[in-house]
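Please put together the full structure from these sequences, using the hints given.
2 protein chains.
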Amino acid sequence: MLEQSLQQARSLFIRRWGEMASGWGISRTMAEIHAALFITSQPLCTDDLMERLQASRGNISMNLRQLLNWGLIHRVHHQGDRKEYFVAEADIWQMFEIITRERRRREVEPIVETIERCRAMLAESKSGGGEALRSELTTCDRRLADMQSFFTTMNGLFNVMLKVGAGGVGEIVRRLRGDGK
Amino acid sequence: MLEQSLQQARSLFIRRWGEMASGWGISRTMAEIHAALFITSQPLCTDDLMERLQASRGNISMNLRQLLNWGLIHRVHHQGDRKEYFVAEADIWQMFEIITRERRRREVEPIVETIERCRAMLAESKSGGGEALRSELTTCDRRLADMQSFFTTMNGLFNVMLKVGAGGVGEIVRRLRGDGK
DNA sequence: CAGTGGTTTCAGAATCTTCTGAAAGAAGAT
DNA sequence: ATCTTCTTTCAGAAGATTCTGAAACCACTG
Chain A
2 MLEQSLQQAR SLFIRRWGEM ASGWGISRTM AEIHAALFIT SQPLCTDDLM
52 ERLQASRGNI SMNLRQLLNW GLIHRVHHQG DRKEYFVAEA DIWQMFEIIT
102 RERRRREVEP IVETIERCRA MLAESKSGGG EALRSELTTC DRRLADMQSF
152 FTTMNGLFNV MLKVGAGGVG EIVRRLRGDG K
Chain B
2 MLEQSLQQAR SLFIRRWGEM ASGWGISRTM AEIHAALFIT SQPLCTDDLM
52 ERLQASRGNI SMNLRQLLNW GLIHRVHHQG DRKEYFVAEA DIWQMFEIIT
102 RERRRREVEP IVETIERCRA MLAESKSGGG EALRSELTTC DRRLADMQSF
152 FTTMNGLFNV MLKVGAGGVG EIVRRLRGDG K
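Here the protein sequences line up with chains A and B, keeping their order. Just so you know, the first sequence maps onto residues 2 to 182 in the working numbering. Just so you know, the second sequence maps onto residues 2 to 182 in the working numbering.
Derived by calculation from the structure, the hints in this document are not laboratory data. Note that the structure is a prediction, hence the values are computed from the model and not measured. The reader is advised that the hints may include incorrect statements.
Any copy will do: because identical chains look the same in the list, a pair fits if it lies in one copy or spans two.
For lysine to any residue, the following SDA-like pairs were computed, each having C-alpha atoms within a straight-line distance of at most 25 Å [to be verified]:
#  : residue 1 : residue 2
1  : 164       : 151
2  : 127       : 2
3  : 164       : 92
4  : 84        : 134
5  : 127       : 137
6  : 127       : 8
7  : 84        : 62
8  : 164       : 97
9  : 84        : 49
10 : 127       : 140
11 : 164       : 177
12 : 164       : 144
13 : 84        : 51
14 : 127       : 13
15 : 164       : 149
16 : 164       : 175
17 : 84        : 137
18 : 127       : 150
19 : 84        : 124
20 : 127       : 113
21 : 84        : 43
22 : 164       : 46
23 : 164       : 131
Quick look at the structure:
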C-alpha cells in the first residue's frame, strides 16, 4: 500500500542518514531528527519526533535546539496551537553552505591558525643548531607550508562554490570532465 | 633554542591535528601518529611514537596498522635494524585523494544507494491513497531527487579535482574568484 | 492567581569508543 | 632448537558521549 511504502522509504532514509552522520562527528539522533524533518515536508512537533525516533523528550529537545543553532531547521507556529513545530531547511545547497561554514569555522580555522603559529615559531629561532638540525627545521617548515597552501586552495574553492551555487558547480564539472583541461 | 622551538612547534601541530580529527570521526591517537610522522621527516619506530605521544604499545600498533590500511603512511626498513620504521605520505594532494576516496566509499556511497532504493520504493507504489497522501509522496520524492542530484554534482566535482590536481584547482579558483562567472 | 500544556535542563544511567598491558606470535640470530 | 627482539592481539579498564526521565521552568488561560 501507498501509505506503507511512504513510511518505509522514510524510515530507511532516516536510519541511513543517522548512520552516516555518526561517522562525521554528529550525534545519531541529531541527524535522524534532521532527516525526519527533511523527508517529511509537514512540520513536526516534539511528540511526533519522539514517536517516530523512539527517543526521550529531553533528547529530542536538546538536539532540536542544536539544529536550530546550526540553522538547519526552523520553528513554525500553527495558529491556535501552543505546540512548536519544526521544518528542515529544504534547499540542499543552503544546507551545504551552512554546514560548510560552520565546520570551517570550528575545525578548519583553528588548525590553519595553528600552522601559522608553528611556522612563526620556526622562523623566530635563528640561532644555534648544527647542520642536521637546521635541515630538519627547513623540512618541517616546508611541510607546514604545503599544508597551509592546501588549506588556502580549499578555502578558495569553497568560497567559489558558494558564490557560483549548485548550477555553477555543475557547469564547471561538465566543462572539465571530458577534455584534458 | 632551535631544538626547543622545533619540538614545541611539532607538539603544537600534533596536538591540534589530533583535536581536529576527533571532530571528524577519526580517533585522536590515529591522527596524532599521522601528524607526528608528517611533521617529522625522519622515519619513526613504535617506541619513538610511544614516547612522543605517551601512549601504549598496543594503541600505537593498532593505529599504525589502520594508517597503513588507509595508505596514509608507509613502512621503512633501516638495514641492520630489526625495528620497523614509518613515514607519512608527504604529498598532501595524495593524502587528500586517499582520504576522499575512502570516505566516499564508506560513507557517501551507502547513503546514495539508499536514496535510490527509497525512490524506487516510492515509484513502485502506484495504487491507492487519497489526494493528500499522493501529494506527500510527490514532495518526498522531489526532496530525495534534490539530494541525489546534489551528491551527483559533488561526486563529479571530486572526480574533476582529483583529475586536475592541486594546480588545476588553484587555477580554477583564481579564474572564478574575481569576476562574475 | 492557580491551572494547564508545553519546553528545557541536568544528574545519573546506559552505551559506545578508545586505550592499556600482558600474553601470544613472528622471525632473525646464535 | 632456543634465545632475543620486536609486533600483534584482545579482554577488560578507563574514558567519552549520548540518552533518559523527572523536576524545574515558562507562558498563556480562565
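Quick rundown of the hints versus the structure:
{"no.": "1", "hint": "164 with 151", "verdict": "both (20 Å within a copy, 16 Å between copies)"}
{"no.": "2", "hint": "127 with 2", "verdict": "between (76 Å within a copy, 9 Å between copies)"}
{"no.": "3", "hint": "164 with 92", "verdict": "within (15 Å within a copy, 29 Å between copies)"}
{"no.": "4", "hint": "84 with 134", "verdict": "between (67 Å within a copy, 24 Å between copies)"}
{"no.": "5", "hint": "127 with 137", "verdict": "within (13 Å within a copy, 68 Å between copies)"}
{"no.": "6", "hint": "127 with 8", "verdict": "between (67 Å within a copy, 15 Å between copies)"}
{"no.": "7", "hint": "84 with 62", "verdict": "within (13 Å within a copy, 53 Å between copies)"}
{"no.": "8", "hint": "164 with 97", "verdict": "both (13 Å within a copy, 23 Å between copies)"}
{"no.": "9", "hint": "84 with 49", "verdict": "within (11 Å within a copy, 59 Å between copies)"}
{"no.": "10", "hint": "127 with 140", "verdict": "within (15 Å within a copy, 65 Å between copies)"}
{"no.": "11", "hint": "164 with 177", "verdict": "both (18 Å within a copy, 9 Å between copies)"}
{"no.": "12", "hint": "164 with 144", "verdict": "between (30 Å within a copy, 23 Å between copies)"}
{"no.": "13", "hint": "84 with 51", "verdict": "within (14 Å within a copy, 55 Å between copies)"}
{"no.": "14", "hint": "127 with 13", "verdict": "between (60 Å within a copy, 19 Å between copies)"}
{"no.": "15", "hint": "164 with 149", "verdict": "both (23 Å within a copy, 21 Å between copies)"}
{"no.": "16", "hint": "164 with 175", "verdict": "both (17 Å within a copy, 13 Å between copies)"}
{"no.": "17", "hint": "84 with 137", "verdict": "between (63 Å within a copy, 22 Å between copies)"}
{"no.": "18", "hint": "127 with 150", "verdict": "within (24 Å within a copy, 53 Å between copies)"}
{"no.": "19", "hint": "84 with 124", "verdict": "neither (59 Å within a copy, 34 Å between copies)"}
{"no.": "20", "hint": "127 with 113", "verdict": "within (23 Å within a copy, 53 Å between copies)"}
{"no.": "21", "hint": "84 with 43", "verdict": "within (14 Å within a copy, 62 Å between copies)"}
{"no.": "22", "hint": "164 with 46", "verdict": "neither (34 Å within a copy, 46 Å between copies)"}
{"no.": "23", "hint": "164 with 131", "verdict": "neither (49 Å within a copy, 42 Å between copies)"}
The structure fails to meet hints 19, 22 and 23 from the earlier list, while all remaining hints are met.
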